[in-house]
Amino acid sequence: MDDFIKIVSAVKDETRVMILRFLYTYGETCVCELVASFNMIQSRLSRHLLILKDAGFLKVRREGQWSYYSINSPLDVFREAVIRKIVNLNVSIPEKTSRC
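According to our numbering, the sequence shown holds residues 3 to 102 in order.
A few of these clues could be false.
Straight-line C-alpha distance at most 30 Å; calculated DSSO-like pairs for lysine-lysine [claimed, not checked]:
{"id": "1", "residue 1": "K98", "residue 2": "K14"}
{"id": "2", "residue 1": "K87", "residue 2": "K61"}
{"id": "3", "residue 1": "K98", "residue 2": "K55"}
{"id": "4", "residue 1": "K98", "residue 2": "K8"}
{"id": "5", "residue 1": "K87", "residue 2": "K8"}
{"id": "6", "residue 1": "K55", "residue 2": "K87"}
{"id": "7", "residue 1": "K14", "residue 2": "K61"}
{"id": "8", "residue 1": "K87", "residue 2": "K14"}
{"id": "9", "residue 1": "K87", "residue 2": "K98"}
{"id": "10", "residue 1": "K8", "residue 2": "K55"}
{"id": "11", "residue 1": "K98", "residue 2": "K61"}
{"id": "12", "residue 1": "K61", "residue 2": "K8"}
{"id": "13", "residue 1": "K55", "residue 2": "K14"}
No wet-lab data here; the hints were simulated from the structure.
For clarity, every value in this text was computed on a predicted model and none was experimentally measured.
Kindly produce the complete structure, drawing on both the sequences and the hints.
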């Protein structure tokens, strides 16, 4: 049950839904690119990313000082269904901006 609550809580926030859609659309993305694209301070964005990672949606790859986030693979059936629903939403996401 705890896992279910984490998943549902992670996607009840519009920003986190947009982050998932963004990463689904653009693939692996550096935190600096997410900060620039979402025009958000890094600490706030990092909090959203941590919640999504703890809910099992994201994986992180570190390369030197940079962290790259992407949709975790493989996902279980429930998380996969949530991602599919998000992809089918009429949600506007920002363009990918590189400022690293």
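Status of each hint after checking the structure:
At roughly 23 Å between alpha-carbon atoms, K98 and K14 fall within 30 Å of each other, so this suggested pair holds. The hinted pair formed by K87 and K61 meets the criterion: a straight-line CA distance of about 20 Å does not exceed 30 Å. Straight-line distance between C-alpha atoms of K98 and K55 comes to about 20 Å, which keeps the hinted pair within the 30 Å bound. Taking the CA atoms of K98 and K8, the gap is near 27 Å; set against the 30 Å cutoff, the hint holds.
Restraint check: the Cα-Cα separation between K87 and K8 comes to about 17 Å, which is no more than 30 Å; the hinted pair holds. The suggested pairing of K55 with K87 holds, with an alpha-carbon distance near 18 Å, which does not exceed 30 Å. A distance of roughly 20 Å separates the Cα atoms of K14 and K61; the hinted pair therefore holds under the 30 Å criterion. Between K87 and K14 the alpha-carbon distance is near 13 Å, which keeps this suggested pair within the 30 Å criterion.
At most 30 Å may separate the alpha-carbon atoms for a hinted pair to count; K87 and K98 meet this at roughly 22 Å. For a cut-off of 30 Å, the pair hint linking K8 to K55 stands: about 10 Å separates their Cα positions. Straight-line distance between C-alpha atoms of K98 and K61 comes to about 19 Å, which keeps the hinted pair within the 30 Å bound. With a C-alpha separation of about 16 Å, the suggested pair K61 and K8 falls inside the 30 Å cut-off, and the hint holds.
Taking the CA atoms of K55 and K14, the gap is about 15 Å. The hint holds against a cut of 30 Å.
Of the numbered hints given earlier, the model fails none.
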